[in-house]
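Visitor: Sequences and hints are given; from them, build the entire structure.
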Amino acid sequence: MAAGVAVPRERLAGLDGLRGLAALYVVANHIFLRAFPGYPADDAPFWAAGFRYGRFAVVVFIVLSGFSLSLAPASAGWRLDGVGRFARRRAWRILPPYWAALGFSLAMTWFVLAQPGWPVPTAKSVVVNGLLVQDVFAVPSPNRAFWSIAIEAQLYVVLPLLILLVRRLNAFAMLALVAIPVLTLGVLGAAQNQAAAGLVRQYTPDLAVLFAIGVATAGILGATESRWAQPWHRHALVLATPAVALVAWRGPVWTVDNLFWVDLAFGPAIGCLLAAVATGRPERLVRLLEAGPLRLVGSFSYSLYLTHAPIVIAVYYGLLAGRVPQGGPMFLVLGAVVLPVTVLFARLFAELFELPFQRRRGWSAIRRGAGRQAAMRDTHSSQPAASGTGRNRQGLLVGIEP
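All residue numbers for the sequence shown refer to this note's numbering, where the first residue is 1 and numbers rise by one.
No lab work stands behind these hints: they were computed from the structure. C-beta: ideal position from N, C-alpha, C; glycine also. One thing to keep in mind: the hints can contain errors.
[Unchecked claim] Pair by pair, the computed Cβ-Cβ distance ranges are:
1) Ser68 x Ala138: 38 to 48 Å
2) Pro325 x Leu161: 46 to 56 Å
3) Trp47 x Val341: 19 to 29 Å
4) Ala321 x Pro140: 13 to 23 Å
Guide: Put into structure tokens, the structure is as follows:
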């Protein structure tokens with residue numbers, strides 16, 4: 001392979017914007033499901049029907065996760081900086097906000113408003129969801145967005161093996177080793193093999209292939225000049241067009257019945273989209289993804305994903321159901337209320353339970369940061385009012401500490 005192309009770090013900034021878009025789409029999808037009951041056989045008009053498939057945002061998140069987690073290994077010759085260290089850093093990054101969101105979801109369900117018609121979470125629900133095995137054990141869910149978090153955590157376990165396979169073999173071999181057994185399972189399930197069909201429904205193994213696509217796409221960092229210069233955005237469009245056309249032609253009922261195959265059909269297109277963003281093309285798309293509001297939402301997209309569902313349920317059933325007509329009016333009113341509320345709540349939630357664990361890599365670092373902030377507050381309180389400019393500057397520095 002020829003010498004790899006150096007990757008300017010700013011070219012990867014669009015990833016936060018992509019996360020923000022995907023998270024907002026998930027929120028809009030849950031608003032849609034309340035406004036147009038009967039999913040997937042709803043009667044949504046064309047202008048709202050595009051928000052029908054929240055699963056596709058999860059597909060983007062899974063491919064993006066494999067890609068993002070593999071960028072550092074790909075730039076280091078496909079080597080992880082220690083499996084144990086990787087596991088600790090993932091747990092530190094994912095678990096604190098997840099457990100906090102689990103507590104929030106349980107409190108909303110038990111003490112505010114449970115979704116009518118759904119079983120109320122039990123003590124077993126707390127244990128199963130707390131251990132991230134809700135895809136293994138069927139229990140009443142406190143938050144129906146949590147299903148993908150369990151799968152993502154399980155994919156983290158196999159990431160070191162995928163990285164090793166790329167290093168020892170190559171990205172295509174790694175993809176084949178993941179895809180062949182998954183595709184075999186899908187074919188058996190489609191052929192009415194009950195065991196295979198049950199495994200596909202319960203464990204969504206197609207997401208493992210999507211994760212592997214993301215891992216392989218990270219190889220763009222060390223690509224040759226000719227591969228780097230490929231029109232990846234056009235490849236993404238060409239690959240996505242047949243899948244979009246098929247979904248539009250066959251309709252939502254068929255699509256939901258065949259999500260296994262539809263997910264896999266979109267995977268290569270998303271991989272090419274990520275390669276396009278990584279190489280800075282098309283420039284208009286990258287500029288859009290790097291816009292301040294999208295990047296801001298992307299910075300706490302995990303918190304938004306974790307916390308929005310109970311708020312949607314509470315606002316819909318507690319405030320709007322029976323007062324606003326179903327369909328388009330409900331979609332617009334519920335969206336106008338829920339979108340700003342969920343985004344603002346997620347931003348506050350992230351400040352408490354997500355961002356501190358991104359900025360600092362251990363409890364000692366968090367304690368030191370808290371001590372410095374307390375010292376700053378003491379200093380500010382002892383200063384005269386005339387020194388307001390200095391206080392603002394010091395406060396800003398605290399806010400942007402790494």
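Visitor: Tell me, in ascending order, the numbers of any earlier hints that this structure violates.
Guide: Hint 1 alone not satisfied by this model.
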